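With these hints in hand, go ahead and build the complete structure from the sequences.
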Amino acid sequence: MPLRNHLKEYRVKLGVNQQQMGALVGTSRQTISQIERGDYSPSVSLALKIAKVCEVSVEDIFQYEE
Amino acid sequence: MSDSKKKTLKIVIIFVLVLLACFVGGYFTGKFLGEAHIPSMTKDVSTLMTIIKGTAFGFCGINIVACVLCICMYYQLKKKWKSCTLDDEGVLDQIEYKGNIPMIISSIALVLNMLLFTVFIWFIEYADKLGADIINCKLSVLITFATYIFGFVWVLIIQGRMVALEKKMNPEKKGHILDFKFEKDWINSCDEAQKGAIYRSAYSAFKATNFACLAGWVVSFLCMLAFDTGLLPVILVTAIYLISILSFQIAAMKFERPVNN
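Note that the protein sequences, when read in sequence, are chains A and B.
Quick note, the first sequence lines up with residues 1 to 66 if you use this note's numbering.
Quick note, the second sequence lines up with residues 1 to 261 if you use this note's numbering.
None of these hints come from the bench; they were simulated from the model.
Just so you know, these numbers come straight off a predicted model, no measurement behind them.
Any given hint could turn out to be false.
Claimed, not checked - Here are the simulated SDA-like pairs of lysine to any residue, each with C-alpha atoms no more than 20 angstroms apart in a straight line:
id, chain 1, residue 1, chain 2, residue 2
1, B, Lys173, A, Asn17
2, B, Lys174, B, Gly196
3, A, Lys13, A, Ala47
4, B, Lys82, B, Glu96
5, B, Lys31, B, Leu225
6, B, Lys78, A, Gln19
7, B, Lys174, A, Ala23
8, B, Lys168, A, Ala47
9, A, Lys49, B, Asp191
10, B, Lys98, A, Gln34
11, B, Lys43, B, Lys168
Unchecked claim - From the derived model, a few chain A residues whose C-beta atoms are all more than 10 angstroms from chain B:
id, residue
12, Lys13
13, Gln20
14, Gln30
15, Ile35
16, Leu46
17, Leu48
18, Ala51
19, Ser57
20, Asp60
21, Phe62
22, Tyr64
23, Glu65
24, Glu66
All C-beta atoms, glycine included, are put in the ideal place defined by N, C-alpha and C.
Next up, the structure:
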C-alpha cells in the first residue's frame with residue numbers, strides 16, 4: 001500500500017492502547033490495528049478524526065508514497 | 001502495433017488456446033466415457049451393508065474429531081484472551097486470527113453432515129430396493145440420525161461461543177447467533193475496515209462459487225450421459241449459477257443508479 005503512517009507513534013505519545021484509540025475516534029480496535037500494520041487505508045473522515053484526536057495534521061500521520 | 005493492442009491480442013490468443021484445450025479435453029473425455037466400462041454401484045447386499053455401517057461410523061467419527069478439535073481450540077483461545085491485557089496488541093490480533101479456524105472447521109462439518117446424511121439415506125434406499133433386510137441396519141440408522149442432530153447442535157454451540165468471545169473482545173459488536181437477523185446486526189455493528197474485509201471476502205466467495213458452478217455443470221452433464229443421473233443435478237447447478245450472477249449484478253446496478261433519473 002502506498003500510504004505510510006505513524007499512527008502507532010502518535011498513539012503511544014497519547015498514552016492509549018488500540019482499544020482506547022478506537023473509542024476516541026469512533027472505530028474498533030481491529031481497525032486501529034489494521035491501520036497501524038498498513039493493512040488498511042482509512043477513509044478521509046476517519047483519517048481526519050484520528051488527526052484531530054492526536055492534535056496534529058493528517059499529513060503528519062499519513063504520508064502518500066509513490 | 002501499440003502496447004494495448006499487443007496486450008489485447010495476447011489475451012485473445014490465450015483465450016482461444018484455452019477454448020481449444022477444452023474442446024480437445026472434452027473430445028477425449030467423451031471418447032473415454034463412450035468406450036470405457038464404467039462400473040456401476042455394487043449389487044452385492046453384504047458389501048452394501050458394510051458400506052452402510054462404514055458410512056454411519058465414519059460420519060460419527062468425523063463429527064467427534066471435529067467437535068473435540070474445535071472445543072480444544074476455543075478453550076485455548078479463551079484462556080489466552082483471559083491472560084492478556086488490552087495492551088497486548090499482537091496477542092489480541094493472533095487470537096482473532098486463530099478464532100477463524102474453529103469457525104471454518106465447524107462450517108465444513110455442517111456441510112459435510114448434510115452430504116453424509118444424504119449419502120447414508122441413499123444407500124439405505126438402494127439396499128432396500130435390492131431386497132436387503134434393512135432391519136439389520138438399525139444401529140447404523142440410529143448412529144446416523146443421532147450424529148446428524150449432534151452435528152447440528154455442536155456446530156451451533158461452537159459458533160455461538162466463538163461469536164460470544166469475539167463480542168467480549170470487541171464490545172461494539174452486535175448480534176445473537178440464533179437471531180435470523182444476526183448477519184444484518186453483525187455487519188451493521190462493523191466499522192469501515194471490517195465491512196471492507198467482509199465485502200472483499202464475499203467477492204472471493206462469489207468468484208469461487210462461479211468457478212464451482214461451471215465445474216459442477218461439466219461434471220453433472222457428464223454424469224447425466226455416463227451414469228444416467230437425470231436432469232435435476234444440471235438444473236440445480238445452473239439455477240445456483242444464475243442466482244449467484246444475478247444477485248451480484250443486480251446489487252452492483254443499485255450502487256451505480258444515477259441520483260437524478
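Cross-check of the supplied hints:
Only pairs whose Cα atoms come within 20 angstroms are accepted, and Lys173(B) paired with Asn17(A) is accepted, the gap being roughly 19 angstroms. A threshold of 20 angstroms between alpha carbons decides the hint, and for Lys174(B) with Gly196(B) the separation of about 18 angstroms falls inside it, so the pair holds. Taking the CA atoms of Lys13(A) and Ala47(A), the gap is about 17 angstroms. The hint holds against a cut of 20 angstroms. Distance check on the hinted pair: Lys82(B) and Glu96(B) sit about 13 angstroms apart at the alpha-carbon level, within 20 angstroms; holds.
As the CA atoms of Lys31(B) and Leu225(B) are separated by approximately 12 angstroms, the hinted pair is consistent with the 20 angstroms bound. Taking the CA atoms of Lys78(B) and Gln19(A), the gap is near 18 angstroms; set against the 20 angstroms cutoff, the hint holds. Between Lys174(B) and Ala23(A), the direct Cα distance comes to roughly 16 angstroms. Compliance with the 20 angstroms bound is thereby established for this hinted pair. Among the hinted pairs, Lys168(B) with Ala47(A) is inconsistent with the structure: their alpha-carbon atoms are about 27 angstroms apart, more than 20 angstroms.
For a cut-off of 20 angstroms, the pair hint linking Lys49(A) to Asp191(B) stands: about 14 angstroms separates their Cα positions. Distance hint between Lys98(B) and Gln34(A) is fulfilled; the C-alpha atoms sit about 16 angstroms from each other, no more than 20 angstroms. This hinted pair does not check out: Lys43(B) and Lys168(B) have alpha carbons roughly 55 angstroms apart, beyond 20 angstroms. Every CB of chain B lies more than 10 angstroms from the CB of Lys13(A), the least distance being 15 angstroms, so the non-interface label holds.
For Gln20(A), the non-interface assignment is contradicted: its Cβ lies about 8 angstroms from the closest Cβ of chain B, within the 10 angstroms cut-off. In this structure Gln30(A) is not separated from chain B by more than 10 angstroms, as the shortest Cβ-Cβ distance comes to only about 6 angstroms. The Cβ of Ile35(A) does not lie farther than 10 angstroms from every Cβ of chain B; its closest approach is about 7 angstroms, which violates its non-interface assignment. With a least CB separation of 6 angstroms from chain B, Leu46(A) falls inside the 10 angstroms interface cut-off, contrary to its annotation.
Non-interface status of Leu48(A) relative to chain B is upheld: no Cβ of that chain comes within 10 angstroms, the nearest being about 13 angstroms off. With a least beta-carbon separation of about 16 angstroms from chain B, Ala51(A) lies farther than 10 angstroms from that chain, consistent with its non-interface assignment. Non-interface status of Ser57(A) relative to chain B is upheld: no Cβ of that chain comes within 10 angstroms, the nearest being about 21 angstroms off. No Cβ of chain B approaches the Cβ of Asp60(A) within 10 angstroms, the least distance being about 21 angstroms, so the stated non-interface status holds.
Every C-beta of chain B lies more than 10 angstroms from that of Phe62(A), the closest at about 15 angstroms, which supports listing it as non-interface. Residue placement check: Tyr64(A) keeps its beta carbon more than 10 angstroms from all beta carbons of chain B (closest about 19 angstroms). Residue-level check passed: Glu65(A) sits 20 angstroms from the nearest beta carbon of chain B, beyond 10 angstroms. In this structure Glu66(A) is separated from chain B by more than 10 angstroms, as the shortest Cβ-Cβ distance comes to about 21 angstroms.
Against the hints set out earlier in the document, violations occur for numbers 8, 11, 13, 14, 15 and 16.
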